[in-house]
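Peer 1: When you get a sec, could you build the whole thing from the sequences and use the hints?
Residue numbering for the sequence shown follows UniProt numbering, beginning at 1 and increasing consecutively.
Keep in mind the hints are simulated off the structure, nothing from the lab.
The model shown is predicted, which means the values in this text are computed figures rather than measured ones.
Backbone N, C-alpha and C define an ideal beta-carbon position, used for all residues, glycine too.
Check each hint, because a few of them may be wrong.
Cβ-Cβ distance ranges computed for the label pairs, FRET-style [unchecked claim]:
{"#": "1", "residue 1": "G30", "residue 2": "I109", "range": "35 to 45 angstroms"}
{"#": "2", "residue 1": "T41", "residue 2": "R80", "range": "16 to 26 angstroms"}
{"#": "3", "residue 1": "S55", "residue 2": "N97", "range": "16 to 26 angstroms"}
{"#": "4", "residue 1": "V94", "residue 2": "G53", "range": "39 to 49 angstroms"}
{"#": "5", "residue 1": "L106", "residue 2": "S77", "range": "22 to 32 angstroms"}
{"#": "6", "residue 1": "P100", "residue 2": "S28", "range": "13 to 23 angstroms"}
{"#": "7", "residue 1": "V65", "residue 2": "L120", "range": "35 to 45 angstroms"}
{"#": "8", "residue 1": "T44", "residue 2": "T76", "range": "32 to 42 angstroms"}
{"#": "9", "residue 1": "S77", "residue 2": "E110", "range": "33 to 43 angstroms"}
{"#": "10", "residue 1": "P90", "residue 2": "L34", "range": "19 to 29 angstroms"}
{"#": "11", "residue 1": "E78", "residue 2": "K23", "range": "13 to 23 angstroms"}
{"#": "12", "residue 1": "Y14", "residue 2": "R99", "range": "16 to 26 angstroms"}
{"#": "13", "residue 1": "P107", "residue 2": "T76", "range": "24 to 34 angstroms"}
{"#": "14", "residue 1": "V111", "residue 2": "T19", "range": "18 to 28 angstroms"}
As a list, the in silico DSS-like pairs of lysine-lysine whose alpha-carbon atoms are at most 25 angstroms apart [stated by the list, open to error]:
{"#": "15", "residue 1": "K52", "residue 2": "K23"}
{"#": "16", "residue 1": "K13", "residue 2": "K52"}
{"#": "17", "residue 1": "K23", "residue 2": "K103"}
{"#": "18", "residue 1": "K96", "residue 2": "K47"}
{"#": "19", "residue 1": "K49", "residue 2": "K23"}
{"#": "20", "residue 1": "K96", "residue 2": "K23"}
{"#": "21", "residue 1": "K23", "residue 2": "K13"}
{"#": "22", "residue 1": "K49", "residue 2": "K13"}
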Amino acid sequence: VKNGVRVQQNKPKYYYYITDVSKSDINSDGDYKLIIADLGTGSTNIKLKVYKGTSLMTETTLIDVPTGVVSFHMDTSEPRVPAVAVASGPNVYVYKNMRPYFKFALPTIEVNPLEHDLWLE
Numbered sequence: 001v002k003n004g005v006r007v008q009q010n011k012p013k014y015y016y017y018i019t020d021v022s023k024s025d026i027n028s029d030g031d032y033k034l035i036i037a038d039l040g041t042g043s044t045n046i047k048l049k050v051y052k053g054t055s056l057m058t059e060t061t062l063i064d065v066p067t068g069v070v071s072f073h074m075d076t077s078e079p080r081v082p083a084v085a086v087a088s089g090p091n092v093y094v095y096k097n098m099r100p101y102f103k104f105a106l107p108t109i110e111v112n113p114l115e116h117d118l119w120l121e
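Peer 2: Dropping the structure here:
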């Protein structure tokens, strides 16, 4: 309260789908971090953010709107440091040590005509 007026601190606003949130021990140090794929405005300011507690640790710009985030182990080497996969459109982007590592483009498939007709109904 300042001069009798309640002053609100600027709290961060996030726009995301529930599938765009994960937690992972991304440094293999026993401390789990919160990973959020923030949609931004939907066309700009789309970011992959990592939090330790309430502090922002890292932030990476994403190319397209994310539809899912998951962490996984790519190999069996020690220490077991997981990668983070972000699904976006027809692509899966893999981040290792929170840096772009690999882009996997899903092949296009033809839509079944029966299924197409059902969607049109």
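Peer 1: Now tell me, hint by hint, if it's right for this structure.
Peer 2: Comparing the hints with the structure gives:
Look at G30 against I109: about 42 angstroms separates their beta carbons, and that is inside 35 to 45 angstroms. For the hinted restraint 16 to 26 angstroms between T41 and R80, the CB-CB distance of approximately 36 angstroms leaves it violated. The hinted window of 16 to 26 angstroms between S55 and N97 holds, with their beta carbons roughly 19 angstroms apart. Remark: the range hint 39 to 49 angstroms for V94 to G53 is contradicted by a beta-carbon distance near 26 angstroms.
Take L106 and S77: their Cβ atoms lie about 27 angstroms apart, and the range 22 to 32 angstroms holds. As the Cβ distance of P100 to S28 is approximately 20 angstroms, the hint placing it in 13 to 23 angstroms holds. Remark: the range hint 35 to 45 angstroms for V65 to L120 is contradicted by a beta-carbon distance near 25 angstroms. A beta carbon spacing of about 39 angstroms between T44 and T76 agrees with the range 32 to 42 angstroms that was offered as a hint.
At about 40 angstroms, the beta-carbon gap between S77 and E110 stays in the expected band of 33 to 43 angstroms. Under the hint 19 to 29 angstroms, the C-beta atoms of P90 and L34, about 27 angstroms apart, fit the expected range. The hinted range of 13 to 23 angstroms is satisfied by E78 and K23, whose Cβ atoms lie roughly 22 angstroms apart. For the hinted restraint 16 to 26 angstroms between Y14 and R99, the CB-CB distance of approximately 22 angstroms keeps it satisfied.
Judged by the Cβ atoms, the range 24 to 34 angstroms given for P107 and T76 holds: they are separated by roughly 28 angstroms. Roughly 23 angstroms separates the CB atoms of V111 and T19, a value that falls within the hinted 18 to 28 angstroms. Between K52 and K23 the alpha-carbon distance is near 10 angstroms, which keeps this suggested pair within the 25 angstroms criterion. The straight-line distance between the Cα atoms of K13 and K52 is roughly 17 angstroms, inside the 25 angstroms bound, and the hint therefore holds.
With a C-alpha separation of about 21 angstroms, the suggested pairing of K23 with K103 holds against the 25 angstroms cut-off. For the hint pairing K96 with K47, the CA-to-CA distance comes to about 16 angstroms; that is within 25 angstroms, so the pair holds. About 11 angstroms separates the Cα atoms of K49 and K23, which keeps this hinted pair within 25 angstroms; it holds. Between the alpha carbons of K96 and K23 the distance comes to roughly 15 angstroms, so the proposed pair stays at or under 25 angstroms and holds.
For the given pair, K23 sits about 19 angstroms from K13 by alpha-carbon distance, which is consistent with the 25 angstroms threshold. A C-alpha spacing of about 12 angstroms is found between K49 and K13, which places the hinted pair at or below 25 angstroms, so the restraint holds.
Violated hints, listed in ascending order, are 2, 4 and 7; each of the other numbered hints is respected by the structure.
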